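Asks: Construct the complete structure from the given sequences, taking the supplied hints into account.
Here the protein sequences come in this chain order: A and B. When the first sequence is numbered by our numbering, its final residue is 276 and no position is left out of the sequence of numbers. When the second sequence is numbered by our numbering, its final residue is 481 and no position is left out of the sequence of numbers.
Check before you lean on any hint, since a few could be wrong.
Said to hold, decoys possible - Per label pair, the in silico range of CB-to-CB distance:
#1 420/B to 224/A: 43 to 53 Å
#2 475/B to 93/A: 31 to 41 Å
#3 93/A to 224/B: 37 to 47 Å
#4 233/B to 182/A: 53 to 63 Å
#5 182/A to 296/B: 26 to 36 Å
#6 320/B to 241/A: 14 to 24 Å
Source of the hints: derived by calculation from the structure; they are not laboratory data. Owing to the predicted nature of the structure, the values given are computational and were not obtained by experimental measurement. Each residue gets a CB set at the ideal place from its N, CA and C atoms; glycine is no exception.
Chain residues, written in single-letter form:
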Amino acid sequence: MSVSVSPLVGIVALVALVADVLYESWGWVTIEFLTYPPSRFVDSYLPGGRGAGIYPALVGSIFLIILTAIFTMFLGVGAAIYLEEYAADTRLTAFIEANIANLAGVPSIVYGLLGLAIFVRAIGFGASLIAGALTLTLLILPIVIVASQEALGAVPDTQREAAYGMGATQWEVIRDIVLPRALPGIMTGTILSLSRAIGETAPILMVGAATSMFTAPYSLTGPFSAMPMQIFDWARLPQAEFQHVAAAGIVVLLTVLLLMNAVAIYIRNRYDPR
Amino acid sequence: MASIDLTRDTRRIDRINTAVRWVFFGCAAVTILTTLAIIAVLINGAVSFFFSASIIERLLGQPWSYEITFSEFFFGSDWSPIIEPRSYGVLPLIWGTMLIVVGSAVVALPVGTATAIYLSEYADDRVRRTVKPTLEILAGVPTIVYGFFAISFITPLIQQVFPQTGTFNAAAGAIVVGIMIIPMVSSLSEDAMSAVPDELRNAAYGLGATKYEVSTQVVLPASVSGITASYILAISRAIGETMAVTLAAGMQPNITLNPLTEIQTMTAYMVQIGTGDVSVGSIGYQSLFAVGLTLFVMTLAMNLLSQVVKARYEEEYR
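Replies: Have a look at this one:
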């Protein structure tokens, strides 16, 4: 086999995957699909049916991502600032960084067990929106920290030194000089990590995301569903027609994912100082 | 920036700076706490599984009873912790995971390595800048989508060739996991190959070697530790893969060599329990943590091994 053919394997697989999803979902993604709760009867999903869809899971996913974004922005950027701006080159720092690298390799379902034991049981949030968001936060934290560190490290030292020369304290330098310049890079990295979080099924499944929610989540400590969970529920139903419903759900999920990636790329191109 | 008041109260500013520093240190410390919490949660749950009382309950005076033995767990060949007759041999789950690992490696390692050689040695810059991000999309697709792709496309395809293939089968799971880890192998291996100094290539060309000979006999051996590290990471990812194998490969623990039959991986078992109604303190709930600890130890060992291998390669060319 010539090596120039090999990249085609991956590309063909990607094309087949997208084509398969579009083919299976053709005609099933309707306005009703976006605005109605799920149904046990496949006829309801059909155009002209009573109306059924992904609405509670779509709203659940959006709430999850907003909460996760708030937590990760605070924790991730804070940790990155500490490691990049404050931490001396000690063994503790090296240990923290090695630990972050290892956390990035822990399977997502193990984070689900962590969320189940700590947030759901020990703290007592139950199978709730906040437990799901905190679990996803810990899952993507390593990626957000590494991306934010890169963005902070890309701010030239000359700008820091100029500010110190004017008599600014370290916190003033970080707040007024480093953070504003690193923000586009931090935003890009965070949004890309969040787009990974929105597609994760295993962690929120272990935390107890509901498979059949008929209303959008109404409180932080109330039950919730999310798109990947809903898609999983549809995909494992034995009736063949539900495969089309699952495919329609995947189209909605991938659309949200693409939008998030587009925003990340826009921010990078619009504000990249280089 | 606002102008600076040279007469300002510096003690207050020092206090703010110290406080801010501690807040940021707290954020970084969350990552350490996460690791400690993962280990504590897994070990505590696993202890409850084996000794029917947690560490804290033991300290409070509740006696331990060693009901499920380690030898039954690690060497027993029957896994049925929630359905009578109960048995607690984790081997069928590990076997299922290994079947997925081997199958996905057969798909991803040759394709990923060849792709890396192409990108590093053959492709011009323009092609590389298009192909690499395109392949990396594969790593960004949610795993639930791969699961759907497996049951709606790959399994029917396999059934065309082997009509006896079950609705759930290990082969479809292994193939989609293989596809999803291709970019991991190709990207990391390409980085390793690009790090090989051009002097080595030029020396071989000077001896009359062809491009193919340079790629396979000079660059490949010179970057072997980086490539190996990428293989180990990809395998670790395959071990922890959950949703695609749950949907595609099924829920039936099975020690078999036949990839066309239904199996259950460690992760798929955890999903089965996670979606069911299992009360806290039941053996089903505790078994989650025993299986989770086994999974965590396996992936952690692979990740550390890959770092050790990679550290060696970085020494060689610096």
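Asks: Okay, residue 475/B versus residue 93/A on CB: inside 31 to 41 Å?
Replies: Once the Cβ atoms are compared, 21 Å apart, the range 31 to 41 Å for residue 93/A and residue 475/B is violated.
Asks: Residue 93/A and residue 224/B, beta-carbon distance inside 37 to 47 Å?
Replies: 40 Å, holds
Asks: Could one say that the CB atoms of residue 182/A and residue 296/B fall in the range 26 to 36 Å?
Replies: 28 Å, holds
Asks: Given the range 14 to 24 Å, decide if the beta-carbon distance of residue 320/B to residue 241/A lies inside it.
Replies: Cβ of residue 320/B to Cβ of residue 241/A: about 21 Å, so the range 14 to 24 Å holds.
Asks: Is the hinted range of 43 to 53 Å satisfied by the C-beta distance from residue 420/B to residue 224/A?
Replies: 47 Å, holds
Asks: Could you check the hint for me, namely that residue 233/B and residue 182/A are 53 to 63 Å apart, CB to CB?
Replies: 56 Å, holds
In the structure shown, a violation is registered for the earlier hint numbered 2 alone.
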